[in-house]
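Visitor: Chains as they are written, first to last, in our numbering: chain C, 220 to 545; chain F, 28 to 309.
These are calculated hints, taken from the structure and not from any lab test. Beta carbons: idealized from backbone N, C-alpha and C, even for Gly. Check each hint, because a few of them may be wrong.
[To be verified] Computed Cβ-Cβ distance ranges for the label pairs, DEER-style: (1) C:Leu332 - F:Ala150: 43 to 53 Å; (2) C:Leu273 - F:Thr226: 20 to 30 Å; (3) C:Thr340 - F:Asn46: 17 to 27 Å.
[To be verified] Sample of chain F residues with no beta-carbon within 12 Å of chain C, all distances over it, derived: (4) Phe32; (5) Arg33; (6) Leu49; (7) Leu62; (8) Val87; (9) Gln171; (10) Glu197; (11) Glu217; (12) Gly245; (13) Glu280; (14) Glu288; (15) Ala289; (16) Ser299; (17) Thr308.
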Amino acid sequence: MLTGMILCMLAVSWVTGRGILRILYGEKREAFCQADFFLTGWVALIGMAQASHLLAVFGRLSLQACTFLLGGAVICLTLAMGAVSFFAGRRGEGAPGEAAPERAWKKRLLPVLLPALVFLTQAVFLLTQSGACLTGDMTLETVTSFLDTDGIYQVNPLTGAPYESGIPFRLKILCLPTFYSVLCRVFSAPPQTTVWQAVPCVTLVLSYGAFFCVGKALFPESRKRQACFLTVAALLLWAGSYAPGMDGFGLLYQGWRGETIRNAVLLPYLLSLCLRGKWKSVLLCIAAEACVVWTLYGAGACLFVAAGLAVSRQVWDRRKKQTEKE
Amino acid sequence: MAEQFRNAWQLGWLRFTGNGKLPALLLAALLFLWLSGSWKRHRAFFCYAAVSTFLCMVPVTAVILMRYQTRFYDYEWIWSMVPMTAAAAWGATEFLAPRHNALSSSRTGKNLPVLLLLMAVLALCGGPWRSGVDAKAQRERRDQAEKALSLVTESGDEEICLWAPKEILESARRQSGSPRLLYGRNLWEEALNAYSYDTCSEEIRELYLWMENVQREGTAQVDDGEGGERLIAGEDCLRTALGAGANRILLPERIDGETVEALAQPLHLTVSRAGGYYLLTK
Numbered sequence: 220m221l222t223g224m225i226l227c228m229l230a231v232s233w234v235t236g237r238g239i240l241r242i243l244y245g246e247k248r249e250a251f252c253q254a255d256f257f258l259t260g261w262v263a264l265i266g267m268a269q270a271s272h273l274l275a276v277f278g279r280l281s282l283q284a285c286t287f288l289l290g291g292a293v294i295c296l297t298l299a300m301g302a303v304s305f306f307a308g309r310r311g312e313g314a315p316g317e318a319a320p321e322r323a324w325k326k327r328l329l330p331v332l333l334p335a336l337v338f339l340t341q342a343v344f345l346l347t348q349s350g351a352c353l354t355g356d357m358t359l360e361t362v363t364s365f366l367d368t369d370g371i372y373q374v375n376p377l378t379g380a381p382y383e384s385g386i387p388f389r390l391k392i393l394c395l396p397t398f399y400s401v402l403c404r405v406f407s408a409p410p411q412t413t414v415w416q417a418v419p420c421v422t423l424v425l426s427y428g429a430f431f432c433v434g435k436a437l438f439p440e441s442r443k444r445q446a447c448f449l450t451v452a453a454l455l456l457w458a459g460s461y462a463p464g465m466d467g468f469g470l471l472y473q474g475w476r477g478e479t480i481r482n483a484v485l486l487p488y489l490l491s492l493c494l495r496g497k498w499k500s501v502l503l504c505i506a507a508e509a510c511v512v513w514t515l516y517g518a519g520a521c522l523f524v525a526a527g528l529a530v531s532r533q534v535w536d537r538r539k540k541q542t543e544k545e
Numbered sequence: 028m029a030e031q032f033r034n035a036w037q038l039g040w041l042r043f044t045g046n047g048k049l050p051a052l053l054l055a056a057l058l059f060l061w062l063s064g065s066w067k068r069h070r071a072f073f074c075y076a077a078v079s080t081f082l083c084m085v086p087v088t089a090v091i092l093m094r095y096q097t098r099f100y101d102y103e104w105i106w107s108m109v110p111m112t113a114a115a116a117w118g119a120t121e122f123l124a125p126r127h128n129a130l131s132s133s134r135t136g137k138n139l140p141v142l143l144l145l146m147a148v149l150a151l152c153g154g155p156w157r158s159g160v161d162a163k164a165q166r167e168r169r170d171q172a173e174k175a176l177s178l179v180t181e182s183g184d185e186e187i188c189l190w191a192p193k194e195i196l197e198s199a200r201r202q203s204g205s206p207r208l209l210y211g212r213n214l215w216e217e218a219l220n221a222y223s224y225d226t227c228s229e230e231i232r233e234l235y236l237w238m239e240n241v242q243r244e245g246t247a248q249v250d251d252g253e254g255g256e257r258l259i260a261g262e263d264c265l266r267t268a269l270g271a272g273a274n275r276i277l278l279p280e281r282i283d284g285e286t287v288e289a290l291a292q293p294l295h296l297t298v299s300r301a302g303g304y305y306l307l308t309k
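Can you make the complete structure from the sequences, with help from the hints?
Guide: Take a look at the structure:
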């Protein structure tokens with residue numbers, strides 16, 4: 220069940236991401252890799268979860284209704300994006316290099332063996348340590364209360380009693396607890412398995428995908444350097460697992476939290492997008508952050524990083540032009 | 028404002044760098060990129076990384092960033108805006124790749140010391156052993172609590188309203204959404220108060236103090252918060268709990284059986300054993 224849930228989430232992400240990138244960038248989509256498909260699809264999943272969550276909160280829908288809503292939306296979007304990729308792919312058939320020789324595959328796979336090994340150690344650690352750091356987080360309680368009451372924020376998750384004064388609005392509109400509750404319903408999985416194991420595994424996979432994209436953007440010419448970058452980043456995730464707020468700690472101890480998804484997935488991916496100048500996808504990442512993390516009216520770390528990189532890029536481009544003129 | 032400055036410096040930067048040393052590694056990576064000239068390949072990224080690191084280190088700008096990220100988050104979260112892992116990995120790659128072609132299988136023997144050195148540096152910077160998270164102990168506590176809870180849920184069909192020591196209450200709401208609790212985890216984890224506008228009455232707070240005191244010391248002597256001590260009578264607490272709706276009460280085994288019987292009898296509660304606890308049922 221756990222493996223099925225993880226594979227299903229990744230497969231849906233891949234199909235939707237591929238289609239969305241095809242729509243957003245058309246033929247320029249060739250500049251993207253497999254990791255981009257997964258990450259864009261995950262961002263789209265967050266978007267759909269947010270839409271269903273908002274409908275459920277403002278329309279006072281039950282969790283069951285929300286499950287049908289999100290499930291239907293995901294199936295429709297996946298089919299639509301699958302069709303887009305399929306037909307667009309057929310039009311582009313016959314491109315050179317499709318039947319790559321076996322040696323090319325070996326050449327591709329060998330450098331990623333080391334990061335893959337580090338990834339495996341982290342996956343095992345994550346699955347054995349599940350739910351080890353729950354300080355300051357009440358996602359699991361929220362999910363169990365949603366499932367028990369078949370409603371969204373009907374009771375205080377910490378006590379099970381009805382709210383006396385309610386919860387902050389900015390918190391109420393964040394979608395992750397609803398998303399995880401829907402996953403529990405769809406896969407008939409216990410909330411502990413979904414929140415402490417399945418989602419952190421997906422986050423870990425996506426985080427590697429995001430750092431792979433950063434490596435590709437930093438060293439587009441050298442596969443070995445990309446692999447070296449990914450290995451060092453993977454080791455840094457181990458090294459950074461010592462304190463809350465670090466990427467590694469979030470991934471290995473709190474992979475279900477919105478802050479972890481932002482820090483370990485959205486921000487590295489956004490960085491790679493900024494380096495490649497793919498600004499449409501940057502906007503998607505900024506929107507996704509607002510759906511999973513409490514931000515200043517939608518202005519979070521993603522917007523700050525994107526703005527910082529854009530300004531920095533502008534300044535250097537101007538300086539370059541000035542130097543060229545002189 | 029002054030408090031935020033204090034948070035940014037004493038509780039922020041010093042605590043952030045006191046445990047692990049990844050920020051130091053980031054600074055070293057940035058310095059290396061600058062000195063080696065590798066920064067010119069991605070000037071925008073390097074400048075952003077350097078400037079954002081500086082902004083997070085200086086208390087004045089750190090406070091501004093803390094305000095930007097909303098007061099919901101502590102100092103360490105402003106470092107989300109610094110691409111720490113990516114920048115440090117970039118620096119390390121620029122250091123490693125030209126020198127030793129580290130991933131080439133034909134030179135594994137030569138490259139091994141470099142890789143080991145890198146791993147040693149990373150290990151010194153930090154790691155899960157410094158996290159202070161004892162997963163094994165937590166799992167054991169959770170298992171014990173779940174065992175006691177299963178006995179509580181088997182003890183009747185009506186809706187359960189539970190009063191118990193905090194580790195039981197923590198597990199109760201994670202295991203299932205059905206048991207109602209007299210108070211939640213926000214009483215001992217203040218950060219969780221940000222998730223709700225609900226507040227806790229003084230009576231309920233006293234119940235928490237009494238229960239934890241019994242759990243810790245087996246007595247009902249409770250600090251009154253002003254340096255002195257006062258007695259909170261167990262019978263009064265039980266009466267308050269029943270008045271608030273509790274129909275299952277778990278008392279730790281540290282309190283002796285006779286005392287439990289004496290507490291339960293006047294209130295017509297039945298006493299039984301549940302794991303390492305006394306279960307009082309209405």
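Visitor: Minimum C-beta separation from glycine 245 (chain F) to chain C exceeding 12 Å: can you confirm that?
Guide: Non-interface label stands for glycine 245 (chain F): nearest chain C Cβ at 27 Å, farther than 12 Å.
Visitor: Decide, holds or violated, for the assertion that all CB atoms of chain C are farther than 12 Å from the CB of glutamate 288 (chain F).
Guide: Glutamate 288 (chain F) is indeed farther than 12 Å from all Cβ atoms of chain C, at 29 Å.
Visitor: According to the definition I'm using, a residue is off the interface if its beta carbon is farther than 12 Å from all beta carbons of the partner; does alanine 289 (chain F) meet that for chain C?
Guide: 29 Å, holds
Visitor: Against chain C, does valine 87 (chain F) hold up as non-interface, every C-beta pair farther apart than 12 Å?
Guide: Holds, since 17 Å exceeds 12 Å.
Visitor: With 12 Å as the threshold, tell me whether arginine 33 (chain F) passes as away from chain C on beta-carbon distances.
Guide: 18 Å, holds
Visitor: Please verify that the nearest CB of chain C lies beyond 12 Å from serine 299 (chain F)'s CB.
Guide: 23 Å, holds
Visitor: Against chain C, does phenylalanine 32 (chain F) hold up as non-interface, every C-beta pair farther apart than 12 Å?
Guide: 19 Å, holds
Visitor: Does the no-contact call for leucine 62 (chain F) survive, Cβ to all of chain C over 12 Å?
Guide: 18 Å, holds
Visitor: Are all beta-carbon distances from glutamate 197 (chain F) to chain C longer than 12 Å?
Guide: Violated, because the least Cβ-Cβ distance between glutamate 197 (chain F) and chain C comes to about 8 Å, which does not exceed 12 Å.
Visitor: Beyond 12 Å from every Cβ of chain C: is that where the Cβ of glutamate 217 (chain F) lies?
Guide: Non-interface label on glutamate 217 (chain F) violated, nearest chain C Cβ at 9 Å vs cutoff 12 Å.
Visitor: Using the C-beta atoms of threonine 340 (chain C) and asparagine 46 (chain F), is the stated range 17 to 27 Å upheld?
Guide: 22 Å, holds
Visitor: Compute the least Cβ-Cβ separation between threonine 308 (chain F) and chain C, then decide whether it is above 12 Å.
Guide: Non-interface label on threonine 308 (chain F) holds, nearest chain C Cβ at 19 Å vs cutoff 12 Å.
Consistency note: the structure conflicts with the earlier hints numbered 1, 6, 10 and 11.
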